[in-house]
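J.: Sequence:
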Amino acid sequence: MFGYKMRDTLSYNPRLSSMFHVPSPSPPSSPIERSFSAQGNYLEVFFHHSISHRLLSPSLSGKNYTARNLTHIRPGRGNGSRPHPTRGKRAEHAVYRAHLQVVHDMDDGPNERPIEVALKWATGKQHIDRLRWEASMYENELRHLQQRVVPDFYGFFQATLDGVDVACLVLEYCGGVPTRDTCELGRQRMEAAIQLHRAGIVHGDLVDNKHFLAASRDDSLRIIDFSRATIHSCPTRTRTSLLAYLHEHARKLPSPCAELALLEQTSGPDFDKPGATRRADGP
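Residue numbers (UniProt numbering): 1 to 283.
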């Protein structure tokens, strides 16, 4: 769902899709059943300097936020025009770049310095349910992968504005520049993917370059968009390293994880070529 443009340094051969079946999973029918840690916090979103909307959060604990200086990154469906937060289509989604700031009470001292975030905004039950499902993954399976494999998560917020149900997910803004070294980029992708699968998550579309972004702070790679991800029991959980898994896959020993096997075709070691290089070490 993020719309940041990332340099395509690896090509994707669609014929590989026939070799490995990678399903397009959907979130459970009742993603609202996933639990959150706390209640009662809010996010004040300023789409205009004098007009704001307040959304409440069933997640996080002890922090309230304001989001200002919104810049539209990716439009919702339709003709590509800038979406309105509540008016227009009732099943819409969009992504904004914004400045997020923690709001303190007067007794707590001055507010913290704003940070850049990506604000994923949605209206309509289907989009909101997917956003809620993604938020639950950040609070559970992906919690320990934040800051190194997936973006930092700042919360999930929802409200009814002008009679329209809305929700937003606030994440670290990834505006870095990925390496231009094709082999190194492939190694980073495989390393990130194996960490994701060891956490018990199948993404569903890792061969799409747009789901890998570089972090602003150090250009390290992040995997994004878990709105269609599912819980996964991956064979790599029993491997001691990614390299061991890839060698086993090349020798056709175990039944490979379909998503990793397909990603390996575009990002992994060239086992069938002389002088193959070691691209991915184990975590």
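Rather than coming from a laboratory, the hints here were simulated on the basis of the structure. Any given hint could be a false lead.
25 Å max Cα-Cα, derived SDA-like pairs, lysine to any residue [to be verified]: (1) K63 - V177; (2) K210 - G163; (3) K210 - V164; (4) K210 - D162.
Pairwise CB distance ranges (calculated) [unchecked claim]: (5) D165 - R113: 30 to 40 Å; (6) S50 - T160: 19 to 29 Å; (7) Q147 - R54: 43 to 53 Å; (8) A258 - V164: 37 to 47 Å; (9) D162 - D218: 32 to 42 Å.
Ideal Cβ placement from N, Cα and C applies to all residues, glycine included.
J.: State the violated hints by number, sorted upward, taking the hints as numbered earlier in the document.
T.: 1, 2, 3, 4 and 7
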